[in-house]
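**Student:** From just these sequences and the hints, can you work out the full model?
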Amino acid sequence: MSSITVPYMPQPVFSVEEGASPSIPRVLISPYRYIQGDGVLDHLGRYLSIIPSKRTAVLISEGGRQRNGAGLLKSLSTARIEGVMVTFQGECSYEEIDRVVDLLQVEASPVDCLVAVGGGKCVDAGKSIAYRLGIPVVICPSLASNDAPCSALSVIYTEDGAFKAFEFFPMSPALVVVDTRIIAKAPVRYLVAGMGDAMATWYEARTCLQSHRGRSVIGARPTLAAGALAELCANTLFKHGIAAVEAVKNTQVDDALEGVVEANTLLSGVGFESGGITVAHSITQGLTMVHAVHQRYLHGEMVAIGLLAQLVLEEKIGEARQVAEFFAKVGLPIHLGQIGLSLDHKRQLDDVVEAAMTMMLAFVKNEPFDVDAEMLLDAVLQSHELGLQIAQSVGDEAYRAMHET
Numbered sequence: 005m006s007s008i009t010v011p012y013m014p015q016p017v018f019s020v021e022e023g024a025s026p027s028i029p030r031v032l033i034s035p036y037r038y039i040q041g042d043g044v045l046d047h048l049g050r051y052l053s054i055i056p057s058k059r060t061a062v063l064i065s066e067g068g069r070q071r072n073g074a075g076l077l078k079s080l081s082t083a084r085i086e087g088v089m090v091t092f093q094g095e096c097s098y099e100e101i102d103r104v105v106d107l108l109q110v111e112a113s114p115v116d117c118l119v120a121v122g123g124g125k126c127v128d129a130g131k132s133i134a135y136r137l138g139i140p141v142v143i144c145p146s147l148a149s150n151d152a153p154c155s156a157l158s159v160i161y162t163e164d165g166a167f168k169a170f171e172f173f174p175m176s177p178a179l180v181v182v183d184t185r186i187i188a189k190a191p192v193r194y195l196v197a198g199m200g201d202a203m204a205t206w207y208e209a210r211t212c213l214q215s216h217r218g219r220s221v222i223g224a225r226p227t228l229a230a231g232a233l234a235e236l237c238a239n240t241l242f243k244h245g246i247a248a249v250e251a252v253k254n255t256q257v258d259d260a261l262e263g264v265v266e267a268n269t270l271l272s273g274v275g276f277e278s279g280g281i282t283v284a285h286s287i288t289q290g291l292t293m294v295h296a297v298h299q300r301y302l303h304g305e306m307v308a309i310g311l312l313a314q315l316v317l318e319e320k321i322g323e324a325r326q327v328a329e330f331f332a333k334v335g336l337p338i339h340l341g342q343i344g345l346s347l348d349h350k351r352q353l354d355d356v357v358e359a360a361m362t363m364m365l366a367f368v369k370n371e372p373f374d375v376d377a378e379m380l381l382d383a384v385l386q387s388h389e390l391g392l393q394i395a396q397s398v399g400d401e402a403y404r405a406m407h408e409t
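The sequence shown maps to residues 5 to 409 in the numbering used here.
Rather than coming from a laboratory, the hints here were simulated on the basis of the structure. Note that beta-carbon positions come from the ideal geometry of N, C-alpha and C, so glycine has one too. Be careful, since some hints might not be right.
[As the list claims (entries may be wrong)] Using 30 Å as the maximum straight-line C-alpha spacing, the simulated DSS-like pairs for lysine-lysine come out as follows: (1) K78 to K189; (2) K350 to K369; (3) K243 to K189; (4) K350 to K333; (5) K333 to K243; (6) K350 to K320; (7) K253 to K333; (8) K320 to K333; (9) K78 to K58; (10) K168 to K369; (11) K350 to K168; (12) K243 to K253; (13) K320 to K369.
[Claimed, not checked] If you anchor each label on the Cβ, the simulated ranges turn out as follows: (14) V110 to D382: 49 to 59 Å; (15) R37 to A247: 19 to 29 Å; (16) R217 to S346: 30 to 40 Å; (17) K58 to G322: 50 to 60 Å.
**Tutor:** Put into structure tokens, the structure is as follows:
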């Protein structure tokens with residue numbers, strides 16, 4: 005099910021057919037404005053004057069409405085903007101997207117903007133809904149668990165939560181408003197998952213930059229700017245990641261948390277979309293095919309496993325070890341056992357690899373060498389063994405603390 009008759013696909017716009025031209029353009033994609041800070045959501049109405057908006061739909065979960073709904077409506081009212089609350093029911097599926105579109109289209113007075121307040125799936129659903137309605141979207145992430153907020157694409161899932169498709173949009177979010185006070189109050193596991201997603205940004209973008217056949221998600225060549233942001237993203241995580249975890253444990257907003265939130269959201273968001281993705285995210289999408297994994301583990305936790313496999317595949321064992329040690333210290337999974345799998349799950353692992361190799365956009369082709377299913381499975385198994393070694397030497401206390409509460 006989908007209410008888009010002709011989906012927008014950027015690849016024919018920015019890329020070229022094989023052999024048509026040796027020149028493929030470099031393209032940078034980013035939101036129009038990025039606003040981050042302690043308490044910025046209190047001023048949402050003022051920021052919407054940039055658009056400008058007079059009647060805004062707010063897509064938010066029931067829990068989010070209870071926590072932040074009154075404050076959001078007050079901010080809109082102060083700015084003389086009428087707010088229409090719509091409850092997000094949890095899955096970024098075509099069924100949920102069409103439900104909300106139908107709901108807003110029967111409103112007597114149309115909305116001129118949609119604000120999505122919540123986690124990654126609410127954010128992605130908001131983009132898809134706004135596109136169908138032909139209005140700008142404003143993203144207000146309540147978690148720093150992934151790099152979805154800044155991108156002009158959504159990941160669509162089935163109603164059961166399995167990966168279904170990517171959906172692209174011709175325009176990026178009009179505003180991204182990140183309130184670090186809200187991030188600091190969220191469970192620390194979400195911030196840590198965001199680090200897994202963000203850490204992969206540099207290693208995937210680097211591969212795309214260095215490979216003559218590397219392409220960004222829109223089919224363009226990566227930009228140097230995206231590569232620089234992606235590298236800064238990884239360096240920020242290595243430098244401030246552990247301190248940011250402590251800040252959230254103490255519900256404090258400090259410079260370390262601000263830096264990591266910006267890395268997880270802005271640096272990673274622009275870095276992946278304009279830099280490109282490869283094996284780490286291919287394996288991640290494959291892992292969503294294993295229902296038990298997808299239901300229990302966050303996107304960034306699956307990316308952590310995928311990134312270690314990518315670095316092993318690329319024979320960058322020293323970097324794989326460095327990344328795995330960092331992941332172990334902040335509480336990310338580094339071997340299959342930490343996402344509920346083992347070497348005995350051969351059928352599931354084969355399914356993961358098959359899905360990674362045959363997904364809608366074959367990101368494994370961004371590697372500078374040909375990758376087959378056997379190579380990919382071998383990389384997953386070797387990185388699993390490396391993760392077991394790191395868990396022995398560094399310990400898995402941070403991971404267990406995250407998952408046993």
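**Student:** Hints first: check each against the structure and report whether it holds.
**Tutor:** Hint check results:
1. K78 to K189: Holds, because 21 Å separates the two Cα atoms, which is no more than 30 Å.
2. K350 to K369: Given that 30 Å is the threshold and the Cα spacing comes to 24 Å, the pair holds.
3. K243 to K189: Measuring from Cα to Cα gives roughly 22 Å; hence the hint holds.
4. K350 to K333: Holds, at about 29 Å.
5. K333 to K243: Distance of about 13 Å is within 30 Å: holds.
6. K350 to K320: Distance of about 25 Å is within 30 Å: holds.
7. K253 to K333: 15 Å, holds
8. K320 to K333: Holds, at about 20 Å.
9. K78 to K58: 14 Å, holds
10. K168 to K369: 20 Å, holds
11. K350 to K168: 23 Å, holds
12. K243 to K253: 18 Å, holds
13. K320 to K369: 18 Å, holds
14. V110 to D382: 49 to 59 Å: 54 Å, holds
15. R37 to A247: 19 to 29 Å: This hint holds: roughly 28 Å between Cβ atoms.
16. R217 to S346: 30 to 40 Å: 35 Å Cβ-Cβ, so the 30 to 40 Å window holds.
17. K58 to G322: 50 to 60 Å: About 56 Å separates the Cβ atoms of K58 and G322, which means 50 to 60 Å holds.
Against the hints set out earlier in the document, no violation occurs for any number.
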